[in-house]
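Number of protein chains: 2
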Amino acid sequence: MLRLQAMNSLTEKILSGDKRAIGRAISAVEDARSDAPGLLKEIFPHTGKALVIGITGAPGAGKSTLVDRLAAHYRANDERVGIIAVDPSSPFTGGALLGDRIRMQSMATDPGIFIRSMASRGHLGGLGRATVDAVAIMDAAGYNKVIIETVGVGQDEVDVVKAADVTVVVLVPGMGDGVQAMKAGIMEIGDIFAINKADRDGVLRTERELEMLLSISERPDGWTPPIIKTVATENSGTEALSAAIAGFQAFIATHREQADGRRANTAEHRIIELLRERLVKLAITKVLAEKELRAMAQAVADRRTDPHSVVDEIIGRMGL
Amino acid sequence: MLRLQAMNSLTEKILSGDKRAIGRAISAVEDARSDAPGLLKEIFPHTGKALVIGITGAPGAGKSTLVDRLAAHYRANDERVGIIAVDPSSPFTGGALLGDRIRMQSMATDPGIFIRSMASRGHLGGLGRATVDAVAIMDAAGYNKVIIETVGVGQDEVDVVKAADVTVVVLVPGMGDGVQAMKAGIMEIGDIFAINKADRDGVLRTERELEMLLSISERPDGWTPPIIKTVATENSGTEALSAAIAGFQAFIATHREQADGRRANTAEHRIIELLRERLVKLAITKVLAEKELRAMAQAVADRRTDPHSVVDEIIGRMGL
Numbered sequence: 001m002l003r004l005q006a007m008n009s010l011t012e013k014i015l016s017g018d019k020r021a022i023g024r025a026i027s028a029v030e031d032a033r034s035d036a037p038g039l040l041k042e043i044f045p046h047t048g049k050a051l052v053i054g055i056t057g058a059p060g061a062g063k064s065t066l067v068d069r070l071a072a073h074y075r076a077n078d079e080r081v082g083i084i085a086v087d088p089s090s091p092f093t094g095g096a097l098l099g100d101r102i103r104m105q106s107m108a109t110d111p112g113i114f115i116r117s118m119a120s121r122g123h124l125g126g127l128g129r130a131t132v133d134a135v136a137i138m139d140a141a142g143y144n145k146v147i148i149e150t151v152g153v154g155q156d157e158v159d160v161v162k163a164a165d166v167t168v169v170v171l172v173p174g175m176g177d178g179v180q181a182m183k184a185g186i187m188e189i190g191d192i193f194a195i196n197k198a199d200r201d202g203v204l205r206t207e208r209e210l211e212m213l214l215s216i217s218e219r220p221d222g223w224t225p226p227i228i229k230t231v232a233t234e235n236s237g238t239e240a241l242s243a244a245i246a247g248f249q250a251f252i253a254t255h256r257e258q259a260d261g262r263r264a265n266t267a268e269h270r271i272i273e274l275l276r277e278r279l280v281k282l283a284i285t286k287v288l289a290e291k292e293l294r295a296m297a298q299a300v301a302d303r304r305t306d307p308h309s310v311v312d313e314i315i316g317r318m319g320l
Numbered sequence: 001m002l003r004l005q006a007m008n009s010l011t012e013k014i015l016s017g018d019k020r021a022i023g024r025a026i027s028a029v030e031d032a033r034s035d036a037p038g039l040l041k042e043i044f045p046h047t048g049k050a051l052v053i054g055i056t057g058a059p060g061a062g063k064s065t066l067v068d069r070l071a072a073h074y075r076a077n078d079e080r081v082g083i084i085a086v087d088p089s090s091p092f093t094g095g096a097l098l099g100d101r102i103r104m105q106s107m108a109t110d111p112g113i114f115i116r117s118m119a120s121r122g123h124l125g126g127l128g129r130a131t132v133d134a135v136a137i138m139d140a141a142g143y144n145k146v147i148i149e150t151v152g153v154g155q156d157e158v159d160v161v162k163a164a165d166v167t168v169v170v171l172v173p174g175m176g177d178g179v180q181a182m183k184a185g186i187m188e189i190g191d192i193f194a195i196n197k198a199d200r201d202g203v204l205r206t207e208r209e210l211e212m213l214l215s216i217s218e219r220p221d222g223w224t225p226p227i228i229k230t231v232a233t234e235n236s237g238t239e240a241l242s243a244a245i246a247g248f249q250a251f252i253a254t255h256r257e258q259a260d261g262r263r264a265n266t267a268e269h270r271i272i273e274l275l276r277e278r279l280v281k282l283a284i285t286k287v288l289a290e291k292e293l294r295a296m297a298q299a300v301a302d303r304r305t306d307p308h309s310v311v312d313e314i315i316g317r318m319g320l
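Chains as they are written, first to last, in the numbering used here: chain A, 1 to 320; chain B, 1 to 320.
This is chain A alone, in the form it adopts within the complex (with noise of 0.2 Å):
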């Protein structure tokens, strides 16, 4: 009963906008501790009026300037602004944590910004489900955006941007063999291109290669995804590619059939995501002994046994 009282008033804290109650929620769901889900379950109905913007792009295209230059242009216009920087790429430290620190220092404190990076936590997984939920408690705190932030190449990546409204790839003029190495599939998520730091040379050829890429593939929904530069340091281009976010914005909102399928692809997703982890938990705190994992993944480096034979035996035990 006390629990549930602790819950609700944290709750009641997160749809006020209490920032200390956000973080600790937002931990809770880092850590998939065990009063997340409910409180997730109660702020769902108070979420879903956020626009949510991925922006992803290769590590050094300058992500994090823009996303600073977008957040100071939305401040200026009166609205709040979450950020999630998703940094996949630290499965040791748990990094993520540069960004931060830099960040702190011209935006954390303007109460109308909330600044969080997200990191994976060892090979459970679940980053992208966590990801999914920050949103939510930062949609439910009445962030009227929020930008997700990712290194854009991982199958991770591609699922956290694909939960976003509309999504930003960030190109840099001349990168290695041109836009082509951002491979088809990047290609296909993007809503919006930026060339960022577009005062550099070989930007008209990568704008060149960029729209060629795009006119040979056809979007199913028919949208054309314009395509911005912007020299992010310099603050230019920040007012086109908001206005170019708020077109697809526009746009979505005159075809609902499109919309629906996007927003019922994300939602699966995330059940599915959400699933997988709680099964793959499940397993391990309820059929398997402490260390028992540990003692199987032995056997298997010693070739006593295969992967496939330990993982039909845990099933086994689940009675599945």
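Hints are computed from structural coordinates only; laboratory data are not their basis. We treat Cβ as the ideally placed atom computed from N, Cα and C, and that holds for glycine. Treat each hint with caution, since some may be false.
[Claimed, not checked] Rough simulated footprint, nothing fancy, chain B against chain A, three-plus residues with beta-carbon under 8 Å: (1) 287-298; (2) 302-314.
[Unchecked claim] No farther apart than 20 Å at their CA atoms in a straight line, the calculated lysine to any residue pairs in the SDA-like style are these: (3) A:281 with B:17; (4) B:41 with B:17; (5) B:281 with A:248; (6) B:281 with B:263; (7) A:41 with B:41.
Based on these hints, arrange chain B on the given structure of chain A.
What follows is chain B alone, placed relative to chain A:
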């Protein structure tokens, strides 16, 4: 009975190095076909002989060319080489075809080389698991070196690369805001660093930054990752890179305890990955009617329910 014979025959063909059989077996694990687990159990005792080399780095770093050079180098020493190009960035097209096509011209005629691209197949995941299974198949088929090439910033790729015996992280000079942009995690998975395109401006700065980063991060196994400068397009540095790989292999051989720990970690990750995939598949096929998942996703999208309640329902139906 017929089925069992057919499998045994496929296993035999794989062990004899039959390329068509290897290709069929990899397709089976990639599609998670029902005959795949039995096949993998059969070949498992024949694995563990190949040196598995993970090569990772951002798009445009020149990984493919470097892998090709390394493969040619091993071929010159009469070793058989398997190459797996992991392309997780194509959720829509199932991509990874371009790389294959280009390579076909130069290497597919060599009977000592087997090249395979693996791409993600939708949101049920399993790319990491399928890649590790493909490595096992090539290993059992007698390939001395199995090279996994992957765009290296997502959790999936980090996991894939952690399954390798030795991991090479490929950087390029002056890339974006320097190697710091590669983030702590990706630095920590590198046993060897290659600065490719080392004829470009900024190579010394990149090398210095890298040395500094490596000097502040101490590895638990005591190994100091060497930095190798390469120009893959001119086949420069290939010899040094292969020497560094052999050097790490020799180091591992004299540090059994660390090597055992690494193998057990890999096995544990593999068990969990497999478990995750099997459990979700079981949930979807056993307790959900056709299109029921989609209906549930639609209900979540319409905010008639929330994902946590849906997952509670599914897990309840599974009797867990």
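Here is what the structure says about each hint:
As drawn, the stretch 287-298 of chain A meets chain B at 5 residues by the rule of a beta-carbon pair under 8 Å; at three or more, the given contact holds. A count of 9 residues in the stretch 302-314 of chain A with a Cβ less than 8 Å from any Cβ of chain B is obtained; the coverage claim is therefore met, three being the minimum. Distance restraint check for residue 281 of chain A and residue 17 of chain B: the Cα-Cα separation of roughly 39 Å exceeds the 20 Å cut-off, and the hinted pair is therefore not satisfied. Between the alpha carbons of residue 41 of chain B and residue 17 of chain B the distance comes to roughly 18 Å, so the proposed pair stays at or under 20 Å and holds.
For the given pair, residue 281 of chain B sits about 35 Å from residue 248 of chain A by alpha-carbon distance, which is inconsistent with the 20 Å threshold. Of the supplied pair hints, the one linking residue 281 of chain B and residue 263 of chain B is violated, its CA atoms being roughly 27 Å apart against a limit of 20 Å. Among the hinted pairs, residue 41 of chain A with residue 41 of chain B is inconsistent with the structure: their alpha-carbon atoms are about 42 Å apart, more than 20 Å.
Of the numbered hints given earlier, the model fails hints 3, 5, 6 and 7; all others are met.
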